[in-house]
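Can you make the complete structure from the sequences, with help from the hints?
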Amino acid sequence: MRTASLPHGVRARVLLAAATCLLPLLLALPGRFALGVAAACALAAVLSWRGHAPAWLKLALVLLLGTGAMAAMGWRFGRDTGCALLATMLALKPLELRAPRDARSLLGFALFAPFATFLLDQGPLSLALGLAGAIAALAAMQRLSEHESHDPRPQPATRHIRDVLRLVAAGLPLALAAFWLFPRLPAPLWGVPERALSQPGLSDSMEPGGWIDLMVDDTPALRVTFAGEAPPPSRMYWRGPVLTDYDGRRWTVSRLAVHAPPPAVEPGDTVWDYELEVEPTDDRILVALELPHAAPAGATLTHDYDLRAQRPLTSVTRWRIRASPPRRFEAELPPQVRAATLRLPEGFNPRTVALGRKWREEAGEGNDAAIVARALAMIREEFAYTLATPLPGRHAADEFLFEWKQGYCEHFSSAFVVLMRAAGIPARVVTGYAGGYRNPYGGYWVVRRMDAHAWAEVWLEGRGWVRVDPTAAVAPERIYDTLEDRVGTGLRAFPVIRPALDIGDWLRRGWNDLVLGWNAARQRDLFRPAFGGRAGTRALVAAFALAAVLALAWMAWLAARGAREHDPVLRAWHRMGRRYARLGLGREPHEPALRWAERISPALPEACARELRALSLRFAHWRYASGRRDAAAMRALVRDLRGHRPRTGDPREPTP
Amino acid sequence: MPLRRLRTTFERLARPRRRESLPAVLDRHRIYVLPTRFGMFLAALLLAMALGALNYNNNPALLLCLLLGGAALASLLQAHLQLSGLEVHAVGGDPVPAGSPLQLRVHVRARDRRERRGLRVECLGAAATLSLEDGAGEAVIAVPTVRRGWLDPGRIRISTTRPLGLARAWAWVWPEGAALVYPAPELPAPPLPVGDGEGAKSRLHQAGDDVHHLREWRSGDARRMVAWKPSARRGNLVVRENEQPAGMDVVLDWDALAGLPYERRISRLATWVDQAARESRRCRLLLPGQPPVGPGQGAAHRHACLRALALLPDGG
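Protein chains in written order, with this note's numbering: chain A, 7 to 662; chain B, 1187 to 1502.
To give a feel for the contact side, a few chain B residues facing chain A, derived at Cβ under 7 Å:
#1 Leu1231
#2 Leu1250
#3 Leu1254
#4 Ala1260
#5 Arg1303
#6 Thr1347
#7 Leu1350
Between beta-carbon pairs, the in silico distance windows are:
#8 A:Thr73 - B:Asp1298: 51 to 61 Å
#9 B:Arg1343 - A:Leu195: 41 to 51 Å
#10 A:Glu594 - B:Ala1200: 25 to 35 Å
#11 A:Pro608 - B:Asp1320: 20 to 30 Å
#12 A:Pro13 - B:Ala1229: 23 to 33 Å
#13 A:Pro611 - B:Ala1200: 48 to 58 Å
#14 B:Arg1343 - A:Val555: 25 to 35 Å
#15 B:Asp1320 - A:Leu191: 50 to 60 Å
#16 B:Ala1229 - A:Pro598: 40 to 50 Å
#17 B:Arg1464 - A:Arg581: 53 to 63 Å
Simulated from the structure, these hints should not be mistaken for lab results. The beta carbon of each residue, even a glycine, is placed where N, CA and C say it ideally should be.
See the structure below:
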C-alpha cells in the first residue's frame, strides 16, 4: 500500500535517522570533504522538505560530490574512497524521498554508513555513534510502520526509542551468543582493500619532517602485558622497520633484506615474555622488543630482524612474543650487507663526510667503538632537542650537524648514521617505538603513537649490530616517556584527569580484549582446555546451539511479558487481582471493582472481605473521582494494595 | 504461474479451513508471520554485511549487524504477539440495499493488557484500522455488496506489520453469514400500485375535500380550519376534519408482476416497500410459498418485508 507522500513528522524522523547514521562516517573521513558532504546533505534535506528537486540539480550534485570524493582521496581507489562515495550517495539520497517506500530504502541504505565507518575506524566514538544511528534508524522504521497502519494516535518519539531499545534488549543475548560462539573464519575469503590515504605512522621510509604529525598523536599504538619481569623503560626499544637505503633525502627499507632469511643471533640471558595488543594500522608492520626469539604465528622476520605480519592489521591483533637482548647479532656480516650499510649517495653532505673521514684517520683502523663514543660525546655536549625544526635543504646532515644543532629523533639518527658511514662503520637507521607508560589500573604498558622513535645501529667487530641512540644522549626524558613531559599542556597536565584517562584506557583495553580482538584463534582456545582439536569445534557449535536456544527463550519471554503497566496504583491493583485469581476468585475483565468485591465477599473470611471492600472503594475513588490526586494518599494506597493478601479459611456461614 | 499456485495452495491449507462460529480466539496455530518485502531487503542487507564483517573479522560491524538482526527477529515475535490472544467476538452490520457499501463491524477484544494498535482488518477487498482501547475495539469496514441475501464476508484477514514493518503477521477469521443485504431498488421507481384489497378503508386526511366531522380545537390547528359557525353555536372552538379516499392498504403481490424477470420482480417489490414506508402507508407483501407479511407499517415492518425479499431463493 503506497501513500502519496510522507507527512512532515515522519519525514523529519527519517531524515534525522539518516543523518545520525551518516555522522560517524563523516567523522572518519577527511575534514574538508566531510564538511562538503554535510552541507550537501543539509541541502538535500531542505529540498526534499520543499518538494522535489529538478533532475539537473541532482545530477550536478552527484557529479560534484563524486569528484570531490575522488579528489579528497588523491584519485586513488581504496577502501576509504569507497566509503567516501557511499557517504556522498547517502547524503544525496534524501532528494528522492517521497513515499514510505523511498523512506525505507533510505533507511536501509543509511545502515551501511556505520558499517563503512567501522572499516575505517573502530574507536569508541565511532561505535557509540554507529549504535545511535542504528537505533535511530529502527525508531524511524517504527514510525513509518505506524504511519502506514493509519493509527490515528501516533506515539511520541521517546516511546519509539524505548520500544526499539526493548527490541534490541530482547535480541541482545542471541546477538552476543552468535558473536562469541558462531564459528569464525580462520582466514579471510577475500582480501581487505587497502586505504587510498595512509595514516601517519611507522612506515618503510622516513623523510625529514615526516613525523611531526605522529609526534603529537597520543592515541595508543600498542598495549603490552608482560608475563613476569618487565624491562625498565630505558630498555624498551620496540623495533620496527630497519632503514638501510639512503638517497640523500629519504631513508628506505633495503629490498635486499626483505626476502633473505634472518641472520644468526646469540640471545642474552634475560628473557622477556609478553603479549602485544596492536591497534589496527592497515599495514603489515609489527614491532617487537629487541630481539624476538622467533616470529610468532602469522608473522615473519626479515633479514634485518624486522617483524612483518602476513596480513595487513585491519583490526586489533594480539601477538605472543619472547625476546632477549642479543649478545651477538649477526657477528658475521655478509659482504653485500656490509656494502649496503656503508653506502652513501654521491654529492650530499660533504662536511659530514669530511668529518667522518677525519675521525677515522685520527682513530686509526679497527677502533670503531671510539669513533661512536666520540660522536655521542659531541652530540651530548653541543646539541639540543626540539620539535620545531625548519625543512632541510639539500645537505640535511650537514645543516643539522653544523648549523641548527637541534632537532628530534629523525635528525639525530639520520645524521648520526651518515657520519658513521663516512667514518667507515656499517650503520643503519632503525624505527619503532621507545619507552612506554604503565597503566596503574590494568598493570599493562601503553605505547602511544607519539612514542615513535628512530635510532641507529652500528656494526662492531665481534658484537655485531649494536643499538646506539643519539637522541637519548641529549634528551633521555623525551624518549623513555613520561607523558606529561611530552605534552605538558594537554589534558594530562591536570592531576585529576589522569586517573580518569587511565581508567578509560583500561576499559578500552577490556573492550579490545572481549570484542575487537575476538577471532577464530581465540574462539578455538575457548574450548581447547576441555576438548582438544576437532572436538573443540564440535563443542563450539554445541555451545552456540545451546546459547541460541536459551537466547530465543529469553526473547520470547521478554516479548510476551507484554507492556508493563506504568501506573503504580493500577499495577498494584492488577497484582492483587492476580492473587485472587489464583484462588479462582479473579475479577472478570469488565467487572467493576466494587461489584467484584461484593461478589466474592461471601467466599472470604469476614475480616478479609471487609478489608477488600475498603480497598476497592479506595481504588475506585482514586481512579474515578475527579479532583486532585494526593501523592501521599496514592503511595499509601499502593502500599496497602501490595500488602493485602487474600485469606481463605472458613467462608462465612450464612446466619441461619 | 507457480507463485500464484503456491499462494492458492497455501490459502486452501491455511486455518481456518471452514466457517466457524464466533467468538474465535486467535492462537498460535492460526497466526502466520512472513517477512515483508522490506524485511527481505533488510535481511539480505544484513547478511551481506555479516559476511563482510566475518571475512574481515571486523568485530564492531559484526556486533552491530547481529544486534540489528536480533532486534529484527524480536520484531517478528512482537508482530505475532500483536495478534495472539485476540478474540473476534462478533461480526455484523446494518443491512443495506445491494450495491451500496455495508458498514461491517468487527468486534474484537483481548484478555491481556498488551497494547495493540493499528491492526489492519480486511474483508472483500476493503480495509479498516483497528486499535484496542482497554482491551476492546471494533473495526468498521465499508464492504462492497453485490447481491441480496446473507453477506458472506469470506475470510476476514486481521494483519499487522508493526512494530518495524519487517514482517507481516496475519490471521483469518471466517464467520458465518454476518449481515443481510437487501435487494437493490429499481430506478426509476414505478408508482405504487393502487390499494384495492379487502383491508381498504378510509383514512383521515386534512387536505381532503369532504367534511367528515367536527372535533374540538387543539393547540396547533390552523386558524382556517376552525369552523367558525359551529363554534359560535357551541361556545367553544371546533375544527373541521376532512377525509381522503386514497388511504387504503397497499398490497404488493408477487404474482401481480408475472411479466417481469425474477430478480426484477424482487427489485420492484423492494422499491415499493421502501416507497410505502416513506409515505407511511400500510402495506402487505405476498410472496410465493410464504405466509403474507403484514399488513403493517413502520420500520420493523419494512425490515421484515425486505428481509423476506432478500432471502427469496435464487433463480425462479
